[in-house]
Each structure stands twice: as C-alpha cells, then as structure tokens.
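The hints should help you fit chain H onto chain V, whose structure is shown.
Listed below are the residues making up each chain.
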Amino acid sequence: MKDQDPTTHFQLRAAQYHLVDGTYEVFFGGICILWALFFYLQAKLSPIFSVGLLPTLVWTGGFIAVSFAGSFLLDRLTKAIRERLTYPRTGYIDHRRPRGGRLAVRILLLGMVVAILSALFTAFFASHPAFVNWMPLAGGALFALTMAIVAWRTQIGRYYLLAMISVIAGLGVSMFGLDELTGIAVFYGSLGFMLLVMGGVVLGLYLRRNPMPGESLHEQ
Amino acid sequence: MSSDLRALADVDRLLHEPSRTVIVAILATAESADFLYLQRETGLTKGNLSVHLSKLQEAGYVNIKKTYRGKTPLTLCRLTEQGRQAFDAYRRQLRQFVENT
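In order, the protein sequences belong to chains V and H. In this note's numbering, each residue carries its 1-based index in the first sequence increased by 851. In this note's numbering, each residue carries its 1-based index in the second sequence increased by 1480.
Warning: the hint list may mix true and false statements.
Here are some of the chain H residues that sit facing chain V, going by a computed Cβ distance under 7 Å [unchecked claim]:
no. : residue
1   : V1502
2   : Y1517
3   : N1543
Since the hints were derived computationally from the structure, they do not count as laboratory data. Quick reminder that beta carbons are idealized off the backbone N, C-alpha and C, glycines included.
Isolated chain V (complex conformation) (with noise of 0.2 Å):
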C-alpha cells in the first residue's frame, strides 16, 4: 500500500481475513456448480418444456430460487467450515458490513452496473449473432472483472489468477460451438470444479500452516 502508516497492514490482514483459507472459493465454486446442474437440467428440458410465457417464468423463477437457496446452503456451509477450522485456530473476526444510507447507495450502484453491462451485452449479443456462443464469454468477462475487483481491494494475488482462469474459460467455452444453455453449463461446471479446487488447495495449506492451538490459548 502507498499509505505510510505502519498500521493500515494489520488493517489490511484484518481485511484479508476472511479469504485467507479458501472457503470463499468453495462457496462460489458451489454456487457455479448449481447453476451448472441447472442450466445442464434447462438444456435438456428445454425442447419439451420451453414455449410460452408459462416456461420462462418457470426457468427465470427456478434460477432465482436456485441462486438463493444455494447461497443460503452454502453460506451455512462455509460458516461451519470456518467455526470448525478457522476461527479455533487463527481466531474471529467479524467484519463491518455497511449500514443505513452506504448500503442503499452500494446496491443501487451494483444494480445500476449490472443493468449497463446487461444491456451492452444484449445489444452486443444481437449484432454479433450464432456463429459463437457469446454467453459463456460474457459470463467469464463478469466473473473475472468480480475477482478482479476483489484481488485489487485485498491485494491477495490468487484472485487475478481465478479472473484469468475464468476468461480461459470462457473463451474457451464459446469456441467449442456448444448450444448456448449447454455451453453455459459447461462454463460454469468447469469454473465451479476450479474453484472448488482451488478453495480445497488453499484450505489445505492453511490448515497445514496453522495447527489447532492447545485450549489454553483461548482463556484469558
């Protein structure tokens, strides 16, 4: 960091801290694997159940529950993880979330941002048209700028490694001439198998790193 002071560094392990044993990779890449299982699920449903306005408010009502019910799994998941294995070894911290008026201000921002980059993608997607399977890019591009952000503000330098990963495959994904929900599921099933490898790789490490303190250590 440019800042001087000789503080801001253990701001900023206190910041990091709830990155540092990869159970935030095993929560995406779970996420990534449910939407994966889906869109697989739509793929092939689609040419039975796909006319009619009834079909889209199931797939677009299935996809919200399934994102919400799984974050909400798989946070529980993670937080069980953390009280098992992290926080008995290296302590808990409780991080500050914004309140009031910031949090208001950054989820109308977050929706502004994701309404510009849907509509650029639409317009994108309708001039350049089924010769490629743009989804699997675009979907890439979104989760490599997310973990690009996110590496930028902890300065943990795996996360500029998942956002190359996950434009690879992306581009990857959108060559290999797949119908777009097909394509869209393999996107996300190999972006969540990384990710959860990933997030198992670092879990290991950490665990290795910092062995399971004797009782005494938490009495004061």
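Positioned in the frame of chain V, the structure of chain H alone reads:
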C-alpha cells in the same frame, strides 16, 4: 516548543503505544475480533494482551464481551464509538505531524 511538537505532545498517550495502536487499528477495521485473533496478530502473550485490553476498556475505547462458542470460551472485543473517534484523531495528529516535518 513549536506548534508541531505541541501537537505531537497532545496525542492520546493511551493509544501512543505500539501494541495498543495495533489492537485498536485492527478493531477499527472489524465489527469485533476475538482474543485469539488479536493475540496472533499482535504477537503478545495472553497476560500482556489482557493488560492492554483492560486499559483500553477502562478508557471506554473497547467493549469486551465474554461468551462461549460451543464449549470454547470466547472473548469478543469491539471498538466503541469513543474509541473509534479517539483513533481517528490520533491518526490525524500523527499524519499532520509527519507531513509538517
């Protein structure tokens, strides 16, 4: 005594101690942190950390809550609003001094 030196002499002495500065800096980033996390980050012994936390608590800068997670004792430390303001003022004073010298 120049005004810069006078400003430095006016810094909060309770915070102007490396271990306590680090403790408060961590707690300023977090909503709360437990004893184990603070001990690992500061490298202090249990006894020393307890003493520093007690001093910060007495000054009203830190709120300490003793609880349990499962069967494990858990000491959660949280910076109070007073502590947050004091730390902001302390950093401001130090930065001002460094910039002016």
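Taking the hints in turn, this is what the structure says about them:
1. Annotation: interface hint on H:V1502 holds; nearest CB of chain V at approximately 5 Å, less than 7 Å.
2. Restraint check, H:Y1517 versus chain V: the minimum CB separation of about 3 Å is within 7 Å; hint holds.
3. Hint status for H:N1543 relative to chain V: violated, with the closest Cβ pair at about 13 Å, above 7 Å.
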